[in-house]
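Go ahead and model the full structure; you've got the sequences and the hints to work with.
So the protein lines, in turn, are chains A and B.
If you count by numbering that gives the first Met the number 0, then the first sequence holds residues 0 to 710, one letter each, in order.
If you count by numbering that gives the first Met the number 0, then the second sequence holds residues 0 to 99, one letter each, in order.
There may be inaccurate statements among the hints.
Partner residues are not named here, just some residues of chain A that face chain B (Cβ under 10 Å, in silico) [what the hints assert, rightly or not]: (1) 104; (2) 262; (3) 397; (4) 398; (5) 401; (6) 404; (7) 564; (8) 565; (9) 567; (10) 645.
Computed list of chain B residues with no C-beta within reach of chain A, every gap over 12 Å [what the hints assert, rightly or not]: (11) 16; (12) 28; (13) 48; (14) 65; (15) 66; (16) 68; (17) 69; (18) 74; (19) 78; (20) 82; (21) 85.
In short, the hints are calculated from the structure, not lab data.
Here a beta-carbon is modelled for each residue, glycine too, at the ideal position from N, C-alpha and C.
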Amino acid sequence: MPLPLQPERSVVTVCAYCGVGCALEAQTRAGRIVRMLPWKEGKSNHGHSCVKGRFAYHYYNDPDRVRTPLIRDSIDEPWREASWDEAIAFAAAGLRGVQQRHGVRSIGAVSSSRCTNEEIYLTQKLARAVFGNNNIDNCARICHSPTQFGLSATIGAGAASQHFDSILQADVILVVGANPTEGHPVFGSLLKRRVRQGATLLVIDPRRTETVSSPHCQATVHLALRPGTNVLVLNSVAHVIVTEGLYREAFVRERCEWPEFERWQALVSDPRYAPEVAGPEAGLDPEAIRTLARRYAAGPNSAIYYGLGVTEHSQGSTGVMCLGNLALACGMLGREGVGVNPLRGQGNVQGGSCLGSWPHVYSGYRFVSDPEVRASFEAGWGVALDPEPGLRLPNMFDAAVGGDFRGMFIMGEDPVQSDPNQNHVIAAMRNMEFVVLQDLYRNETSKYAHVLLPGSSALEKDGTFTNAERRVSRVRQVVPPLAGLQDWEVVVRLMNAMGYATQYRDAGEVLLELASLTPAYSGLSFELLERIGSAQWPVDAKAPEGTEVLHLERFPRANGLGTFMLTGYVPTTERCSERYPLLLTTGRILTQYNAGTQTRRSANSQWHPEDVLEISAADAIARGIRDGEQVQVSSRFGSTQLKAVYSQRVNPGVVYTTFHHAESRVNALTSDRSDWATNCPEYKVTAVEVLRVAAPAGVSAASTQASEVLA
Amino acid sequence: MSSPAHLHAPPSAEPAVMELERLLTMAGQIGDFFAPYPPERAAEGVRNHLRSYWEPRMRAALLAHIEAGAHGLAPQVVAGARLLQDEAAAQKSYYGPPRA
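This is how it looks when you write it as structure tokens:
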């Protein structure tokens, strides 16, 4: 065996994939990354990592990387290479031109959870201080925006109440609409370890996931509910807790608004939420609902972990409120081993949420419509700010189709692939007069862009990420940016070119500025992170090295009390019909990541070369579909082709696929229905029909797909 | 991309920020959430939601539709949207997720 090559340099940084945010040691030799090692001192991973963080780093110097700025006058023209100066001037003139023709509010920006806190903060500043409007959103809009809304309504803070290690104190673990074994693998391992030690595992998920059943780890109760019935089932769980007197009255009286508890109690006591009524409606055994409710309430320490299976629904925010209500009613907050914890998808979704890339709040979740808050940002930034909330991402596309919204700066996102109802998004992109995209690669969205600025990956820049447990860690530059500039430097150049003079020495100076305007981040600095490694917000005068568990004595609401929201069940309007009799739901697998932009450019693709459609044998046989056969999947919104695979993980009536490959066009199927409060798309429920494809002999099904996206 | 004729805002309104049908669906969903609350709180909840989260052109289009007869809107949505025009309601200066 040859000895491994000795690295010349070693840098500790944070993984750019999921919300666990593992600390990794990146080793380089001759200026190239040769190894990624999980770092033992990392407080979220303790020396563990998964096959994405460990192996899927080659994307950074993939031949596909955009290495030079590209510009063009119209999307029908070929790209022209340009210098940074030329491209930035072109972008600034293009965006200002749209505003001159169509008004100040006719352009907007979108930031990405793949970018650092500093970059996300600067992008909101670009929109608010330089564009002069609040049309700024981020990709959490389409994943965890209901978390912020639903948790702040009930327990006052839209973030995980616990640190990951807290699960080692839990007696009961309730997982709702999440599959941490695949989606958040390092945390998934910690969860399984606790189950092996004897904790009870309860799962609510339409699919028999790896979390439900895998070697050495079995759920005690699994509610395989019909997609779209979360709120019904969670209200039914609450019904059992309330009518059987399982709630903790002392906790509710001391820490919550009692009259609101009584109102909620009356709502969920309604016979329509009795398991015997709600269970059959959701496709569940009533007794299983009762068992789950009793186990959760009994604790003594019960912890909730949930994912996009809760949020990506027309009642996503209501579903999150249900979880907040349950934890409050059973006294499962304010100590180790309990809590309500969103499992965030991307590495920096929590940071994206915290740092003001929202049309209605500045960094720190403070409302643009609030005069006092606005005054503090006006003082900090030296400009007058728009007092009105801006357009949300889906509304930007709606307004682009309508003609009122004409230009965009998109940082590190591919909405044409990742946003729902793809045909609608493409119509919107085509309608816009000027689109600036910053990304690592040409993607589906770059087909509709006028400027493509080379992005820098997390391996090429300095800054911070905030993981799903509120932990802020240093992102450290491992290799220089391929195209010469870090993303935050590009945003600063664009600000200057658009007439807002500003300079920062380094990303650390941006962190100091955002800390001065964001209470929960006020104590953060590169110096602190050098000294203690990482810190969970709030990091402030009261907690100079951060806070592991929230809500110890009070909830961060005006009166310090938790409260109960009325969570009536409103079925989604996306329904099965004779024409679309099956429900499609979506998820992720271990080796690939989201839209696959990075992982598909690594050998990880050998583990998952294509997305497949999981279908029950009963549904397949009824349609004459053989295992492994190519099928046409159609919804009211569009259609695509996938390979069907018989699966015992899904119940009859439900089909499932992943969305890691652009060719799968899963979002050609998804609807434009969205969460009532946040417009988070209802990705998890789409009525579809699945039919055999009679492919002509010798022609592969993929090559018969004639679609605009592939063209 | 046109919506049924009866859904169009009156001709005096500015160009629609988005399809009225979509706005009415969104307003209806907000109304559905607040339906279990007593009428006064439901209206206040709708008002605060629209004020905190809806871009002004979206609010204006909804109000124009209400002035034109409020076709298809639940009472708590109409009452909540009307509060947007009421200075006294603005004095409460409450923003954010619904207050229980």
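Hint by hint, here is what the structure shows:
Given hint, residue 104 of chain A at the interface with chain B, holds; its Cβ is 8 Å from that chain's nearest Cβ, closer than 10 Å. The criterion of a C-beta within 10 Å of any C-beta in chain B is met by residue 262 of chain A, whose closest approach is roughly 8 Å, and the hint holds. Evaluation of the residue 397 of chain A hint against chain B yields a held restraint, the C-beta minimum of about 4 Å falling below 10 Å. For the restraint placing residue 398 of chain A at the interface with chain B, the shortest Cβ-Cβ distance is roughly 5 Å, inside the 10 Å limit, so the hint holds.
For residue 401 of chain A, the suggested interface contact is upheld, since its CB lies about 5 Å from the closest CB of chain B, less than 10 Å. With 10 Å as the threshold, the beta carbon of residue 404 of chain A comes within range of chain B, its nearest partner Cβ sitting at about 8 Å, so the hint holds. Hint status for residue 564 of chain A: holds, given a least beta-carbon distance of 6 Å to chain B, under 10 Å. For residue 565 of chain A, the interface hint holds, since its Cβ comes within 10 Å of a Cβ in chain B; the closest pair sits about 4 Å apart.
Below 10 Å, beta-carbon pairs count as interface contacts, and residue 567 of chain A has one with chain B at about 5 Å; its hint therefore holds. Hint status for residue 645 of chain A: violated, given a least beta-carbon distance of 37 Å to chain B, over 10 Å. Listed as a non-interface residue, residue 16 of chain B fails to keep its Cβ farther than 12 Å from every Cβ of chain A; the least gap is roughly 5 Å. At roughly 4 Å from the closest C-beta of chain A, the C-beta of residue 28 of chain B falls inside 12 Å, breaking its exclusion from the interface.
Taking the minimum C-beta to C-beta distance to chain A, about 7 Å, the non-interface status of residue 48 of chain B is violated against the 12 Å cut. The beta carbon of residue 65 of chain B sits about 19 Å from the closest Cβ of chain A, which is more than 12 Å, so the claim that it is off the interface holds. The non-interface label for residue 66 of chain B is consistent with chain A: the shortest C-beta to C-beta separation is roughly 20 Å, beyond 12 Å. The Cβ of residue 68 of chain B lies farther than 12 Å from every Cβ of chain A, with a closest approach of about 22 Å, so its non-interface assignment holds.
With a minimum CB-CB distance of about 19 Å to chain A, residue 69 of chain B clears the 12 Å threshold, and the non-interface call stands. Residue 74 of chain B, annotated as away from the interface, keeps every beta carbon of chain A farther than 12 Å; the closest lies near 16 Å. Listed as outside the interface, residue 78 of chain B is consistent with that label: its C-beta sits roughly 17 Å from the nearest C-beta of chain A, beyond the 12 Å cut-off. For residue 82 of chain B, the requirement that its beta carbon stay farther than 12 Å from each beta carbon of chain A is met, with the minimum near 15 Å.
Every CB of chain A lies more than 12 Å from the CB of residue 85 of chain B, the least distance being 16 Å, so the non-interface label holds.
This entry does not satisfy hints 10, 11, 12, 13, going by the numbered hints stated previously.
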